[in-house]
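Engineer: Below are the chains, spelled out letter by letter.
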Amino acid sequence: MAKGDPAVSSRGRRAAPRSRRTAATGEPELVQLLTPTGERIESAVGPDGTEYRVDFTDEEYRGLYRDLVLVRKLDAEATALQRQGELGLWASLLGQEAAQVGSGRALRSQDMAFPTYREHGVLYCRGIDPIMPLGLFRGVDQGGWDPNEFKFNMYTIVIGAQTLHATGYAMGVHMDGRTGTEDGEAVIAYFGDGATSQGDVNESFVWASVFNVPLVFFCQNNQYAISEPLERQTRVPLYRRAGGFGFPGVRVDGNDVLASYAVTRHALDNARLGQGPSLIEAYTYRMGAHTTSDDPTRYRIASEVEAWQAKDPIARMKAFLDKQQIADADFFASVDEQARAESVHLRERVLELPDPAPVSMFDHVYPHGSPEVDAQRAQFSRYLESFEGSAH
Amino acid sequence: MATETLTLGKALNTGLRRALENDPKVVIMGEDVGKLGGVFRITDGLQKDFGDQRVIDTPLAESGIIGTAVGLAIRGFRPVCEIQFDGFVYPAYDQIVSQVAKMHYRSQGKVTIPMVIRIPYGGGIGAVEHHSESPEAYFSHTAGLKVVTCANPQDAYVMIQQAIASDDPIVFLEPKRRYWEKGPVELDAPLSGAYPLHSARVVRPGTAATVLAYGPMVRTCIEAATAAAEDGRELEVVDLRTLSPLDLTAVYESVRRTGRCVVVHEAPGNLGLGSEIAARITEECFYSLESPVLRVTGYDTPYPASRVEEEYLPDLDRVLDAVDRSFGW
Ligand SMILES: Cc1ncc(C[n+]2csc(CCOP(=O)(O)OP(=O)(O)O)c2C)c(N)n1
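Line by line, the protein sequences give chains A and B.
Those letters in the first sequence? Residues 1 to 392, by my numbering.
Those letters in the second sequence? Residues 1001 to 1329, by my numbering.
If we strip away everything but chain A, and leave its shape as in the complex, we get:
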């Protein structure tokens, strides 16, 4: 078994006994509902005895598959655009589609999400135009969507900072009396394995716990923080950290969209019902580079990548749909065609994204302006106008 390779769960298997000494990686205790070969597992049991299962219609299964394929294709298009110089940078989600689509689809419309810079799949599930993050990486804006309208906050580059924002927001949900019922609100905070070393993430664990806020911490353990492997961040499996802070933690197969959905939905529902925070560690792998400026061959070996290739989230879903005759060749072809068309469309629109007007850099520094900034804007405008025949 390759390094970092969790054992594959079989139908209904129980969590490993607590006493077993385990390393940070290679940890077998993970919730899985769909094996890498596309076998469906009826239900799986988490470390605290919670039983996870999903009950989707054929249409819903096909919908999840479509999401996975579209998100991967749009991501690939963005990577290509970066290679062609159209984006300054791109942080690819390749390999993490199931964790993002599974958790993203588990959110209800009233739930609020606080992402990092890689959550393009969650963004897609929130109904945001996929062009939006490309503006940020192209450098024409700093993220153009309205966080309140879509219940999906701005991307956060500073590692871990957003977990505190999520915690405060969740305190607010609680103070607004919006927990404790079936239609209550829940909050989800996304972060990576590297982020778990940050003070802010640990502070947010403390706060979320002592204030019992309706918050799901969703850690995508993609095994690396740029070049640093998981062993550089922790000596215990990440999901077990939760216990020390006083809330439940569970590790899910992050390449399994069904299990990712099931554990997230369960955690969100618990949160909205007033049962407090929990931590989900989605055990997955970043198949590509950290960002387009990274060279992963310097710090990881091909066999490891191949081993994870065999656990691809889309291939296993396709095998399942195929075997169960939930979808036929026409369906798969139509999804591919839709993905192709949407990515072409995306490309066209990215190329047309207008550069911002230079003077716009002075906008929105303060809600009601500032004499200093206003004076600099006026001076800058005069300066631009001083160029004869200037197009500005």
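The reader is advised that the hints may include incorrect statements.
Claimed, not checked - The following label-pair restraints were derived from C-beta to C-beta distances:
#, chain 1, residue 1, chain 2, residue 2, range
1, A, 324, B, 1088, 56 to 62 Å
2, A, 48, B, 1193, 44 to 50 Å
3, A, 376, B, 1304, 34 to 40 Å
4, B, 1190, A, 110, 37 to 43 Å
5, B, 1310, A, 382, 45 to 51 Å
6, B, 1039, A, 176, 45 to 51 Å
7, A, 176, B, 1304, 44 to 50 Å
8, A, 322, B, 1109, 36 to 42 Å
9, A, 296, B, 1143, 21 to 27 Å
10, A, 299, B, 1143, 35 to 41 Å
11, A, 376, B, 1196, 18 to 24 Å
12, A, 302, B, 1059, 26 to 32 Å
For the record, the hints were derived by calculation from the structure and aren't laboratory data.
Glycine is no exception: its CB is placed at the ideal position from the N, C-alpha and C atoms.
Based on the hints, put chain B with the ligand in the right spot on chain A.
Structural biologist: Below, chain B with the ligand without anything else, positioned relative to chain A:
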């Protein structure tokens, strides 16, 4: 109109109480702000009257205080955070400069962070290390934040309410050595009254030279002006009140009138507020100046042991000495 004599600390407390009464979305949060009423008692009695959901004792984690307040602000609350002492704001520095200050800009105005960060600051109370610092320049250097400080009870009462009502994120510096000084406070003073939050004020008119000060140094400078007047020199003392943005209009007006300027602050001089002010006055008022703008500041050392802080802090003599140098040019 109800006018009472209050200490600056009590004036802040009364202002906070008003803000809690007037807007149910205002929440106070920080270490020990609840039962204890804060280590300086500025939030005294507020949790008793407004409950522990409005006045929240937080875990001991400064980044957590500011970071969760960001989330509360996104949710529609108006958090007022207390940082216990100036020297403990640094664990929260990242959240303040990278998150609080930039959210509105990054979201192109869609997210507003109406938050106040109260920090008791400055020296002069004989404290141990990390309890006497003046971090105003760090925050004034950060676009997206506003930085203000009060120097008397009336301003304390009004400005804290103005800051809470403002949609800007505001670092509100409280001159801790002046907490116990008393003055008249007009309790019905309108918040939109004669002095909006972002304006300097002439606190003692004069013609000979302008002395610019803020926070704890305002009183020192008024005393210096009183002493100078006995020698026949009428100094104009201007309380800047707001450090970012600076009310430069008021500064230029005064300097053009007097032709001389001394800037006074406790913080170290190197790249301090005084440097910026001197540069701006030089650019704008060059032909009105009779002598260079001079600075009287703390030294470029870490804040020293309290047995020598009287030497470190600008006092009446150092201010008068600078005024003399200005005239000796
Ligand atoms: C506070 C901070 N330090 C360093 C960086 C530079 N940096 C960007 S991404 C990254 C690795 C993050 O790893 P992880 O949390 O595992 O998330 P992943 O990128 O794997 O999704 C680093 C070090 C940063 N953005 N913020």
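Engineer: Taking the beta carbons of residue 296 of chain A and residue 1143 of chain B, is their distance inside 21 to 27 Å?
Structural biologist: At roughly 36 Å between Cβ atoms, residue 1143 of chain B and residue 296 of chain A fall outside 21 to 27 Å, so the hint is violated.
Engineer: So the hint says 26 to 32 Å: do the beta-carbon atoms of residue 302 of chain A and residue 1059 of chain B match that?
Structural biologist: Violated - the Cβ-Cβ distance for residue 302 of chain A and residue 1059 of chain B, about 45 Å, lies outside 26 to 32 Å.
Engineer: Range hint 18 to 24 Å: satisfied by the CB atoms of residue 376 of chain A and residue 1196 of chain B?
Structural biologist: 21 Å, holds
Engineer: For the hint 45 to 51 Å, verify it against the beta carbon of residue 1039 of chain B and that of residue 176 of chain A.
Structural biologist: At 30 Å between Cβs, range violated.
Engineer: Just to be sure I understand the hint, the distance between the Cβ atoms of residue 176 of chain A and residue 1304 of chain B should be within 44 to 50 Å; is that true here?
Structural biologist: 48 Å, holds
Engineer: Do the Cβ positions of residue 299 of chain A and residue 1143 of chain B conform to the proposed distance bound of 35 to 41 Å?
Structural biologist: For residue 299 of chain A and residue 1143 of chain B the Cβ distance comes to about 37 Å; the hint holds.
Engineer: Cβ-Cβ distance between residue 48 of chain A and residue 1193 of chain B: within 44 to 50 Å?
Structural biologist: Roughly 59 Å apart at Cβ, these two residues miss the hinted range, so it is violated.
Engineer: With respect to the beta-carbon atoms only, verify the hint that residue 1310 of chain B and residue 382 of chain A lie 45 to 51 Å apart.
Structural biologist: With Cβ atoms ~49 Å apart, the hint holds.
Engineer: Taking 36 to 42 Å as the stated bounds, is the beta-carbon spacing between residue 322 of chain A and residue 1109 of chain B within them?
Structural biologist: Violated: the Cβ-Cβ distance is about 48 Å, outside 36 to 42 Å.
Engineer: Is 56 to 62 Å respected by the C-beta to C-beta distance linking residue 324 of chain A and residue 1088 of chain B?
Structural biologist: 59 Å, holds
Engineer: Tell me if the beta carbons of residue 376 of chain A and residue 1304 of chain B are separated by a distance inside 34 to 40 Å.
Structural biologist: 38 Å, holds
Engineer: Is 37 to 43 Å right for how far apart the beta carbons of residue 1190 of chain B and residue 110 of chain A are?
Structural biologist: Roughly 39 Å apart at Cβ, these two residues keep to the hinted range, so it holds.
Hint compliance for this structure: hints 2, 6, 8, 9, 12 are not met, and every other hint is.
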